[in-house]
Amino acid sequence: MLELVNISKGMNEFALQNISFSVQKGEYFVILGPSGAGKSVILEIISGLIKPDKGEIYLNKKSITQDKIQNRKAGILFQDLAIFPHLTVRQNIEFGLKQKKLNSANRISIVNKLSSEMGIDHLMVRRANSLSGGEKQRVALARILAIEPECLLLDEPLSSVDTSIKEELWYLLKEIHANGQTIIHVTHDFEEAMILADRVAVVSEGKIMQIANKYDLIKKPQSKFVADFVGIKNYFSAMVSQVNGHYVVEINKNVRFVCNKGEEGRCHVMIRSSEINISANKFSGEKNIFPGKLTAIVPCKNGMELKIDMGIMLTAFVDYRLIDIEGLVIGKSVWVKIPEESVNVIYNYG
Amino acid sequence: MRKIGFLNSSFVFLGSLVLFFIVAPLVGMVLNTTPGALLETTKDKEVISSVCLTISTAFGATIVSALAVIPLAYLLARKEFFGKRIILGIINLPVVIPHSAAGIAVLGFVSRDTLIGQAAESLGFSFVGNPVGISVAMAFVSVPFLINAARDGFQAVPERLEKAALNLGAKPLRVFFSISLPLAWRSIVYGLIMMFARGMSEFGAVVIIAYHPMITPVLIYERFGSFGLKHAVPVSVFFIAVCLVFFVLLRLLTKERKHA
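Protein sequences appear in the order of chains H and C. Per our numbering, the very first residue in the first sequence carries number 1; after that it's consecutive. Per our numbering, the very first residue in the second sequence carries number 1; after that it's consecutive.
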């Protein structure tokens, strides 16, 4: 439905480089990346607010690269929402409809329907600048949906609302999507991407690092950056070789462990921090057991993250209920056991 | 008891001096006028006609200038182009040059010897000694106030709002009239008031273009030169009162818009 082909754009201290992806009709596509990665610029290029230096944008197989903003059928919801402060909520929602020269009866009908769907029908005579953050989000959504965009572009729309309102709005966006709306959503929030997306493109420094189904993104991050961004702490470049019928992963000369499946060659290795076993006493057995030293203890939501130096810096997550917190001291020697089945080898090494 | 520090008290003292410097001559002038003389002035046809001329020419200068100035201010606020800084400097020139010199410059531009002057002559009027010429002189010296205020106003309108309007399908002209202009309006009205007020009080440039018909600042000068201070003061007080009434009314108008 929407396709970007080799879009490049030089900005002051940053450049988008050969951005290509396509979004299918009815798909929820999330562009995920840190601040300054170029996510918003991609949306502004699609909407026509910025012209690309090169590349093409196709909507329904027709190039819209040179089309005027007004004719693009790609409605953008800005991060700051850009609600017109001098207009009432009704006038804001009606704004786009007036440009379409719809008659008054049609306008009223559309505005009433949308305001009811968004739960803002009681706010219609209020000035936009007297609304709360969540109310503004709904008004902005209603305003952009009123023009029936073929593609809805959301530029970090939930970055400035409270968590409780954010959850409400997630469901609202899911509903809009369930009605068949194609959505491209830019965010830096991994959780938001996981909740909303069908597919995710991870962007860093103006480049797409990976495009994947959201589950594949977690299972098979294709770079350290993506792994970091999706919250995978233990992600290493490695070499797999076969020794005595076992696949041995070598991260460096001192750190080698066995995994239960693989192929020989360069790869990335991912070890889930929650699956690593830690003990003050040596584990029984011989495979994948390493001595290490506790270098940091980071309390988090349901437990603790322990940083262990064992020739590589490994992060293990331990549940509060399963560990003696008193016994944890930085500098303490510990034993680490990496279960074979917890070692995920990723081969698209690039 | 709350202590006022040395810094604050010295600033208050210096500020008071400034206020005294502004208020004292005006109060002195009012006190030097008898109610009788003031009443007589309000009945003086020459004074009334000069006040009407001053207001109408300043108003005309402001409104006509606004038609071109507002688009220019928008361009200056929104666009980056070669020579923009030079243009910004040029715009403020009339504020810094002596107003009699400004009058000479305007005269050189609209007198009968110039192309514009001759074109006006062919239409049956002359800028020199004409209310239109007075308006031109007033506009020349006061237009920077409007340009700067309007430019500030447009600059304060987030560009995002204009982009959002474009994205909602509005054409650029529609965006200007429905988003940019209403949001910058308060600053523009402030600029209009300042330009109008500055135009009304202009003497140096106007007197070069048109001694007659007399605007009030010229009439005050003439009364002072011909009859002395005693005859100039009531006209001055009356004119200041008129200016203040206009100034307050227009300020109230903008304040009302602010809360609308």
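Don't take every hint at face value.
Derived DSS-like pairs (lysine-lysine); straight-line CA-CA distance at most 25 Å [to be verified]:
#, chain 1, residue 1, chain 2, residue 2
1, C, K171, H, K73
2, C, K45, H, K54
3, H, K100, C, K171
4, H, K54, H, K166
5, H, K293, H, K233
In silico contact screen, one side only, chain C against chain H (beta carbon under 8 Å); selected entries [as the list claims (entries may be wrong)]:
#, residue
6, K84
7, L88
8, Q155
9, A156
10, R160
11, L161
12, K163
13, A164
14, L168
15, G169
16, A170
17, K171
18, I179
19, L181
20, G225
Note that these hints are calculated values from the structure, not bench results. Even for Gly, the Cβ is constructed at its ideal location relative to N, Cα and C.
Structure-based check of all given hints:
For a cut-off of 25 Å, the pair hint linking K171(C) to K73(H) stands: about 14 Å separates their Cα positions. For the given pair, K45(C) sits about 72 Å from K54(H) by alpha-carbon distance, which is inconsistent with the 25 Å threshold. Distance restraint check for K100(H) and K171(C): the Cα-Cα separation of roughly 11 Å lies within the 25 Å cut-off, and the hinted pair is therefore satisfied. For a cut-off of 25 Å, the pair hint linking K54(H) to K166(H) is broken: about 36 Å separates their Cα positions.
Distance restraint check for K293(H) and K233(H): the Cα-Cα separation of roughly 17 Å lies within the 25 Å cut-off, and the hinted pair is therefore satisfied. Violation of the interface hint for K84(C) is found here, the shortest Cβ-Cβ separation to chain H being roughly 18 Å, above the 8 Å cut-off. About 23 Å separates the beta-carbon of L88(C) from the nearest beta-carbon of chain H, more than 8 Å, and the hint is not met. For Q155(C), the shortest C-beta to C-beta distance to chain H is roughly 16 Å, which exceeds 8 Å, and the interface hint is violated.
At about 12 Å, the closest approach between the beta carbon of A156(C) and any beta carbon in chain H exceeds 8 Å, and the interface hint on this residue is violated. A cut of 8 Å between beta carbons decides the hint on R160(C): the least distance to chain H is about 5 Å, and the hint holds. A distance limit of 8 Å between C-beta atoms decides the matter here; for L161(C) the minimum to chain H is near 5 Å, and the interface restraint holds. Against a cut-off of 8 Å between C-beta atoms, the interface hint on K163(C) holds, since the closest Cβ of chain H lies about 5 Å away.
Contact between A164(C) and chain H, as hinted, is supported at the beta carbon level, the nearest pair being about 4 Å apart and thus within 8 Å. A cut of 8 Å between beta carbons decides the hint on L168(C): the least distance to chain H is about 4 Å, and the hint holds. Restraint check, G169(C) versus chain H: the minimum CB separation of about 4 Å is within 8 Å; hint holds. Hint status for A170(C): holds, given a least beta-carbon distance of 5 Å to chain H, under 8 Å.
Satisfaction of the interface hint for K171(C) is found here, the shortest Cβ-Cβ separation to chain H being roughly 6 Å, below the 8 Å cut-off. For I179(C), the suggested interface contact is upheld, since its CB lies about 6 Å from the closest CB of chain H, less than 8 Å. At about 10 Å, the closest approach between the beta carbon of L181(C) and any beta carbon in chain H exceeds 8 Å, and the interface hint on this residue is violated. The interface hint given for G225(C) is violated, since its Cβ lies 51 Å from the closest Cβ of chain H, which is over the 8 Å cut-off.
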